[in-house]
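2 protein chains.
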Amino acid sequence: METPAPSRQFRRLGILFVVSAPSGAGKSTLLNALRQTPDFVYSVSYTTRQPRPGEVNGEDYHFVSMEEFEQRLAGDEFLEHAQVHGNYYGTLRSAVIEQLHDGVDVLIDIDVQGAQQIRSDGNPAISDAVADIFIMPPSLEELRRRLNKRGTETSEQIETRLHNAATEMEAWHAYRYTIISGSVEEDLQKFRAIMRAERYLSHRMVLTP
Amino acid sequence: METPAPSRQFRRLGILFVVSAPSGAGKSTLLNALRQTPDFVYSVSYTTRQPRPGEVNGEDYHFVSMEEFEQRLAGDEFLEHAQVHGNYYGTLRSAVIEQLHDGVDVLIDIDVQGAQQIRSDGNPAISDAVADIFIMPPSLEELRRRLNKRGTETSEQIETRLHNAATEMEAWHAYRYTIISGSVEEDLQKFRAIMRAERYLSHRMVLTP
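Protein sequences, first through last, are from chains S and P. Here the first sequence is numbered in this note's numbering, starting from 4 and rising by one per residue. Here the second sequence is numbered in this note's numbering, starting from 4 and rising by one per residue.
Isolated chain S, as found in the complex (with noise of 0.2 Å):
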């Protein structure tokens, strides 16, 4: 009884990483810190609102008028797109499809808005995307003490996020994953476990002849 011998090769696509979160739950520190791992490409998002203190064009977001970005809209340049208090935030699509085509994955970071349009996408290695990862705050009141200690927000702007935060906390069950915010440190080990073992889901591999 002899046994073929096949030599495996196993390729897959990338894979497209989201993660929201109410503001202030940490979000944006653990994808600082995310950033500086070479697990993926962090996709720059488009946004017309104006930049916080020590935010750089092009790193942070690719800061644009109003004008550029309707006429981006309408143009169906962008993967998603959101309007939050009063300002929007988009992906490009171009650079992110190229990415996952060449098993690069790209993470990017949206509002809850944007998650739904990702996951109804037409293009498969898109609505494939791991959409579905909410970092919940560990309670309201460190919320709330985040909120303050970052200092950028008046208290009117921060009630009203924190009314925000209260309704999506309340969804977190509609997530695949929440991580319950801790440490930056155990956020990003958090993390960075869900990403690898999506990787290893066999659906994501094709088997090369």
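Hints listed in this document are in silico derivations from the structure and should not be mistaken for laboratory results. The reader is advised that the hints may include incorrect statements.
Unchecked claim - Derived DEER-like restraints, expressed as beta-carbon distance ranges:
| no. | chain 1 | residue 1 | chain 2 | residue 2 | range |
| --- | --- | --- | --- | --- | --- |
| 1 | S | Glu189 | P | Thr157 | 46 to 56 Å |
| 2 | S | Glu71 | P | Gln39 | 55 to 65 Å |
| 3 | P | Arg207 | S | Gln86 | 29 to 39 Å |
All figures in this text were calculated on a predicted structure; none of them were measured in a lab. Glycine residues also receive a C-beta, built at the ideal position from the N, C-alpha and C atoms.
Let chain S serve as the given structure and place chain P on it in line with the hints.
Just chain P now, with coordinates in the frame of chain S:
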């Protein structure tokens, strides 16, 4: 606009992890390495096969007689059982369920036949097991090399195993996760990433009042 500020506590049931692989794919080595980690409790299976040199009763397996195994089987004491190469293997139900209810993760080592029994179990704590991790040998040549090196079987037994392995390997895509076996350390890191990620699945979390 005052926002209510609930403090949230999450708990979860333990998860039953099952790893399947063709013999010689590195599963035993991986499981031995996993047993050194504090992540879970390892459930020792019952078997009627003879101990291999160095195997310890109560640690590697509970080695029992055909009579004892069949008596327990008749009493429905096994969560799953299988007959492989003429010998019985089985996992005792009572200990596993108790640990899962205490929030402890349990790892069991069963052959490919057993995973389906786990998935169709009437107890949700059991059927929600991660019973779909397949350790894929890099190739049948490498598998043959490992089995020859182990030297515990005749060349006819090795050919039987390779024949079975080739069939099992064809079914890799039926498993949720596929780990392409590399070094023990690589396999261990991959497996632990899957274990951690599964713990962050929202549906496994329960809000306590």
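Hints, one by one, checked against the model:
1. Glu189/S x Thr157/P: 46 to 56 Å: Holds, at about 51 Å.
2. Glu71/S x Gln39/P: 55 to 65 Å: Because 56 Å falls inside the window, the suggested range holds.
3. Arg207/P x Gln86/S: 29 to 39 Å: Since Arg207/P and Gln86/S have Cβ atoms about 34 Å apart, the given range 29 to 39 Å holds.
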